[in-house]
Each structure stands twice: as structure tokens, then as C-alpha cells.
Amino acid sequence: MNQGIEVVGVYVHDQDEALAFYVGKLGFRVHTDVGNGDYRWLTVQHPEQPSFQLGLFTPGPPVLDAATAQAVRAIVAKGAMPPLVLKVDDCRAAHARLLALGVEFTQEPVDRYGTVDAGFRDPSGNGWKMIQGHG
Amino acid sequence: MSGSPSNQDPALLRRLLRARDRMDAASHEEWPVGRLAQVSGVSQAHFARSFKQAFGTPPHRYLLTRRIERAISLLRETDRPITDIAFETGWASLGTFGRTFRDITGSSPSAIRSRAKATPHELGQVPVCIASAAHRPHLTTAVSEKRRLAADGTNEPEQQQEIP
Chain A
0 MNQGIEVVGV
10 YVHDQDEALA
20 FYVGKLGFRV
30 HTDVGNGDYR
40 WLTVQHPEQP
50 SFQLGLFTPG
60 PPVLDAATAQ
70 AVRAIVAKGA
80 MPPLVLKVDD
90 CRAAHARLLA
100 LGVEFTQEPV
110 DRYGTVDAGF
120 RDPSGNGWKM
130 IQGHG
Chain B
0 MSGSPSNQDP
10 ALLRRLLRAR
20 DRMDAASHEE
30 WPVGRLAQVS
40 GVSQAHFARS
50 FKQAFGTPPH
60 RYLLTRRIER
70 AISLLRETDR
80 PITDIAFETG
90 WASLGTFGRT
100 FRDITGSSPS
110 AIRSRAKATP
120 HELGQVPVCI
130 ASAAHRPHLT
140 TAVSEKRRLA
150 ADGTNEPEQQ
160 QEIP
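Protein sequence lines, in the order shown, are assigned to chains A and B. Per numbering that gives the first Met the number 0: the first sequence = residues 0 to 134. Per numbering that gives the first Met the number 0: the second sequence = residues 0 to 163.
Just chain A, same shape as in the assembly:
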């Protein structure tokens, strides 16, 4: 694939904490990690999906003014950001592995519509569904 979406970002409370979670627990790898003063552009990617990067961004200046940043932090912490979906080969196995690593599951694996899905949150409060791919 030569065209398509390259980066989508999520807002996180703390980039180091997010990095430890997405890389250390979920098994993503760092694509770009560059700083410019207080600003840090940090993206990670799934090892099996090199064409897509997930940005881990902190709400704050210079992109957002302080009041807006505070509102965004609150929204993220309340779990109000749109859902994220992670596809895995084996949902129950992934759940067992991630649970052992201390990932905060909001829903145990359940069989539904011919597949299996579970739910977890990243440390900031972003909600993920983890769905087993068909076949």
C-alpha cells in the first residue's frame, strides 16, 4: 500500500508513561521520538503494521493553550475519547499475557458475533477494544 493514513494520534497524560505501556506492554515499537524544547513528537507502531503510526501526544503548549489543554486532559482521564480497536490473532492468549503485565482490563474476553473481544485502558484512560481477527 502506497497511500493512506500514516499517523493518528491519541492524547496521553504523560509520554514516558505511555511509551512504557505501548512499547513495554503492548509490544509496539518506537517509530519517531524527537524533541524540540518542551515539545516531543512521539509515535509508535505495531511491529506487523509498519505503514501506520500511533502518535502519543501530550495536550499542551504550543499546540494547545493552557485552558484547552486542561480540558483535554480531563476528557481523556474520563475515558471520553473515541474508541480504539486492536486486532489480535488470539484474544484470550493476548489477554492472559497482557493481564500478567498489569494491563488494566475493563472487560474480560467474551465470545460475540463469532469472534472474541476484550477491553482495556491505557494508563491515561484511553479505551481499547481487543478483537480477535476472523480466520
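Hints listed in this document are in silico derivations from the structure and should not be mistaken for laboratory results. As the structure is a prediction and not an experimental result, all values here were calculated from the model. Virtual Cβ for every residue (Gly too), placed ideally from N, Cα, C.
Only part of the chain A face toward chain B is listed, based on derived beta-carbon distances under 7 angstroms:
(1) R72
(2) A73
(3) A76
(4) K77
(5) G78
(6) T105
(7) G124
Per label pair, the in silico range of CB-to-CB distance:
(8) P80(B) <-> V22(A): 47 to 57 angstroms
(9) A110(B) <-> M80(A): 32 to 42 angstroms
(10) H133(A) <-> E28(B): 28 to 38 angstroms
(11) L83(A) <-> A25(B): 18 to 28 angstroms
(12) A117(B) <-> V7(A): 33 to 43 angstroms
(13) R34(B) <-> G36(A): 38 to 48 angstroms
(14) S106(B) <-> Y112(A): 24 to 34 angstroms
(15) E29(B) <-> A66(A): 31 to 41 angstroms
If the Cβ cut is set under 10 angstroms, some of the chain B residues that face chain A in the computed set are:
(16) Q7
(17) P9
(18) C128
Fit chain B to the known structure of chain A by using the hints.
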């Protein structure tokens, strides 16, 4: 502007979300404020106030909407007896379930079931929690208030705002 929800500390909000998640995952269980406060690591008085400020509804009322939501999805997706569904979703008696269900949704459980069976649903591609949330009842007034309005024969105003 200390009453503005966006001024709540994000670290506290994250802990309040944890309590809400626990109710979501086990809405059939009893969730007294003490238990919820413990999950969030705050005092009971602080919990109840902060939760309502953060999520716009008191914790108990939030739990009721989740129980009704789950009951609706069991009514839609299974053929299980309504009595079983009532107990499984956390009510101690069928009577309380039926009354609360009608108060919140405006219909009886059996009416919702027959309506659902008549309407094919095509939400197989949507994660089930999102699909369920789409059917979640809006509960902007206390149940007792709804009952009073119904008894008065008064219609609830549209778009009623909850007074913080």
C-alpha cells in the same frame, strides 16, 4: 469556576473512571458508595460529589442506567425469561425491575422485547459496548421524579438539563 468539570484534577478523574469501569464490568453487583470510593482511593463524601461533577450523574443512577442497558440487550438478543434477566442484571425482585424499567424507558420489558425482535439489527460490525451504549437510556431526572411526573400526567420537558 471551580464547579466547571474541566477544572477537576485529571489524576482524580482517572481514578473516578476506574470506579465507573468497575460498575460497567459488573453492574449486577452491589456498588455502595464505600466500595466505589475505595476503588477510586478517595473518601466517600468526596467520591459522590466528584463523580457527579465528572460524569453528570450520581453513581447510583449511573449504575441503574447500565443495568437497564444490559437488560435491554438481553431482552433483544436472548429468549431468556424476563425473571431470569431481572435477577441476572442485579435486581432483588421482578417487581422492582419492572417498575424501574418502565420508569426509565417508558415501556415494559416485554414490549421492548417484541419491538426488538421485530427490528433486525445490523450492528455486527460495531464493537458490542458501543452498540449497547447506543441503546442506553438517557436518565436526566431521578427515577422518583419521573414517577411523580408520570403520576401527575405531566410530560417531561424535552432536552431537560440536569441542574448541577
